[in-house]
Amino acid sequence: NLKEKSAMSEKIPRSPSSNEIDPNGKRVRPSQTFPSLTVVEEDEFAPNSSANTRSVSNPPASSNQSNTALDNDQNQENDDSNTEDPNSDEWESVDEDVPGKKIKSKCWQYFKRKFKVNKKTKEKKMFVTCNFQTPTGECKKTISHFSGSTGAMVDHLRTKHKFECSKTNSQNEISYDEKCYFLLMFIITASLPFRCVEKSYFKKFCKSLNPELKIPSRKVIANMSDEHFLKKKNILVKMLEKVSFFNFTTDCWTSVQNFSYLTLTAHYFTDQLSLRSICLAVRHVLGGHSSNNLTEYIKEILNEFKIVEKIGFFTTDNVNAMGKTVKQIGKERIPCFAHILHLIIKNTLKSIKDHSKNSELSYDPEQEYDQIGEQVEEENEFDQQFDQLAKISIKEKLKLDVRSTLISYSDNFKLIDKIIRKCCSIASLFNHSTNFKEELTKKQKENNKKVEAISQNVETRWNSLFQMLKRISDNHAILNLILSNERKHKHLVISDDEKKCLEESIEIFEVFYEITQRISTESIGTSSLIIPSILLLKSITKENNTQSLFQMGFKEILAHYIKYYEEKYDLTKNKILVLSTFLNPKFKKFSKAPKDDSKQYIEISKNMIRLKLPEIKSLLNLSNPEQSQNLSERICNKKAQLSDSSDEEIEDEISWRLAKKEIGAYIEDSLVLFEKEFEKIKENSNDLKSKSKISEYWKFNRVKFPILFEFFKMYGNIQGSSTPSERVFSHVGYQIWDRRNKISPNRVEKIMFLYENENYIPETI
1 NLKEKSAMSE
11 KIPRSPSSNE
21 IDPNGKRVRP
31 SQTFPSLTVV
41 EEDEFAPNSS
51 ANTRSVSNPP
61 ASSNQSNTAL
71 DNDQNQENDD
81 SNTEDPNSDE
91 WESVDEDVPG
101 KKIKSKCWQY
111 FKRKFKVNKK
121 TKEKKMFVTC
131 NFQTPTGECK
141 KTISHFSGST
151 GAMVDHLRTK
161 HKFECSKTNS
171 QNEISYDEKC
181 YFLLMFIITA
191 SLPFRCVEKS
201 YFKKFCKSLN
211 PELKIPSRKV
221 IANMSDEHFL
231 KKKNILVKML
241 EKVSFFNFTT
251 DCWTSVQNFS
261 YLTLTAHYFT
271 DQLSLRSICL
281 AVRHVLGGHS
291 SNNLTEYIKE
301 ILNEFKIVEK
311 IGFFTTDNVN
321 AMGKTVKQIG
331 KERIPCFAHI
341 LHLIIKNTLK
351 SIKDHSKNSE
361 LSYDPEQEYD
371 QIGEQVEEEN
381 EFDQQFDQLA
391 KISIKEKLKL
401 DVRSTLISYS
411 DNFKLIDKII
421 RKCCSIASLF
431 NHSTNFKEEL
441 TKKQKENNKK
451 VEAISQNVET
461 RWNSLFQMLK
471 RISDNHAILN
481 LILSNERKHK
491 HLVISDDEKK
501 CLEESIEIFE
511 VFYEITQRIS
521 TESIGTSSLI
531 IPSILLLKSI
541 TKENNTQSLF
551 QMGFKEILAH
561 YIKYYEEKYD
571 LTKNKILVLS
581 TFLNPKFKKF
591 SKAPKDDSKQ
601 YIEISKNMIR
611 LKLPEIKSLL
621 NLSNPEQSQN
631 LSERICNKKA
641 QLSDSSDEEI
651 EDEISWRLAK
661 KEIGAYIEDS
671 LVLFEKEFEK
681 IKENSNDLKS
691 KSKISEYWKF
701 NRVKFPILFE
711 FFKMYGNIQG
721 SSTPSERVFS
731 HVGYQIWDRR
741 NKISPNRVEK
751 IMFLYENENY
761 IPETI
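Just so we're aligned: the sequence shown equals residues 1 to 765 in UniProt numbering.
Check before you lean on any hint, since a few could be wrong.
[Unchecked claim] Listed below are the simulated DSS-like cross-link pairs for lysine-lysine, each with C-alpha atoms no more than 25 angstroms apart in a straight line: (1) K418 x K437; (2) K500 x K350; (3) K589 x K395; (4) K106 x K160; (5) K599 x K573; (6) K699 x K617; (7) K589 x K606; (8) K500 x K357; (9) K470 x K500; (10) K350 x K160; (11) K595 x K606; (12) K327 x K310; (13) K350 x K299; (14) K242 x K232; (15) K588 x K563; (16) K445 x K357; (17) K470 x K445; (18) K422 x K350; (19) K575 x K586; (20) K238 x K327; (21) K395 x K445; (22) K238 x K306.
[What the hints assert, rightly or not] Computed spacing ranges between beta-carbons, pair by pair: (23) K499 x E679: 13 to 21 angstroms; (24) P762 x S591: 42 to 50 angstroms; (25) D570 x R739: 32 to 40 angstroms.
To be clear, the hints were calculated from the coordinates, so they are not data collected in a lab.
For every residue, glycine included, the Cβ atom is placed at its ideal position computed from N, Cα and C.
Could you build the full structure based on these sequences and the hints that come with them?
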């Protein structure tokens, strides 16, 4: 066969190239008329081939034929005048992987080469056949391909198959390192073990996308996580240099491996007042959760990121060790308000339950935190928010008040205890019995109700009791129907009186649920919601003659616990929380508080602003000299405008005069104009979730209230709960599970840093 092909190629004379000239001085074109053709050779084209289009010899054409061809194709002459002979010395074989070389079209993925020979003239030509898959099979359209141009192929794909085929350059293709990074982040964000890259079907899947892709091993992936952790951490350190002030949330956690971890999350505003929550570390803690130990670890993390001089406030849960830790760091702590709400509900129900069993109220309201097992070393006692005698006095008063209410409404509380126990039994039954669960799903579909399971109450999970009661109340008719058909479970049927009590308790719990949801968000600084939430809870727990006896008694006990925790943590008298609330334009007048209290809150805010003015200026000098210079210029201008006696005033006094003027204008500022502007922002925004109304207000009034704007940047991002750090540990729980319990704490820290900060840290800075 090889000999026959060789002989055939010798018999076929060479056609003139596009650069050859005939005797009349005109360039010769190959003939484009083809009698019947026969396929003699087929070669599938590989898109990654480095060879140029194969040249095929054609028989010489006469000058007359050449002239005729040129006359008929006058429009194509100019295009072909620059055509080069691929076999000439002017062409050079190159490696297509070298950047900047010849661009190859993706259309070759849908075509293959074929060579045809004219039976009469023995002229050999190259064609391409389309193998694009259509509903009826391959297209099989044949297109001439003489000059090496892919234009006709691209046009065919676009017109016949509605497929756009663009050209790609090796310079613009994603590099192998980038592909490996994307694979690493997929594994981390999907909470998969690194060994998943060694699974056979994962390899098959990758090979189906790109047969030439080299899949990295799990060791390579692990090493990449180390490299990217260090790279991203260094970038973050440089990013944080430009930030003037940070507030923090922190929490501790123990994994299924029985390792202790500490997480520290930093919260700050960008220049555009977008709130950022950056996970600085998920650090393995050795030596227990004592305050001295935690203090050392937190200081170590702060030093690593070079932000020791920019520390604001810490929001933590209510464990005693956390309070001592923040005290030793030398900063103020904001107690987690979501924890406090949970304790109010939990202790209220516990007191009712104990009273129903005719037992004495011998429990300590703080026992949840006192019983936490930790190694406590000997350390100096620090001053509590109130002395021990006052603390005992408040506890004793609480017990007396609660006992008095329980006795007054004793008969009314028996029903709520009974209904809660019954609801817990119903939830357990429908979550553990497959027959009951299937029947519930069937009935929900028949009644056109949303198919949903019955939530179970989990003591350590906030609002789980409310969610269970609400779900049972919404489906009580279906549940009663199913339970009434089962003799063994008829006692779980909810009566009309129980249904009424259930609805009344849900009405109360729902307020706590909504406050917890708002206080747990990370899109805004939620500390400004604490005082308004306490004022709201106080108002709804007041006596109302239209309420049932059960509601009146239940709200009275809630009011006792609200007052207890308000005094214990000094929530409504905390000056930081007062100023944070004042800087929220919605609550700046404290209208929900009694008139005298609202005036007092505004005065506290003014005094705090006057006290913190030097600190604001020093922070501006540290991180933003330009803004500091603007403030200094305003002070100098103010000096020039004042009388001679005022010239002797110190600079801080002049700064305070400017701030005081701003405060007065801010209090009287109407929100009507801003509301209209915010509606326009919402209409033109594609990402409403990232738009905080409070932040947008201060952006809108940045020039009008420049000093208060700087205060908002400091106090407007303080968190009202430790939820941001607790969410980190929820994510860690996805990474460390029973089949992945050998992962090292060092690896956990690096993985979680990449996982939590993937959207905030760029590749370069």
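Review point. Can you name, in rising order, the numbers of the hints this structure does not satisfy?
Key: 3, 10, 13, 16, 20, 21, 23, 25
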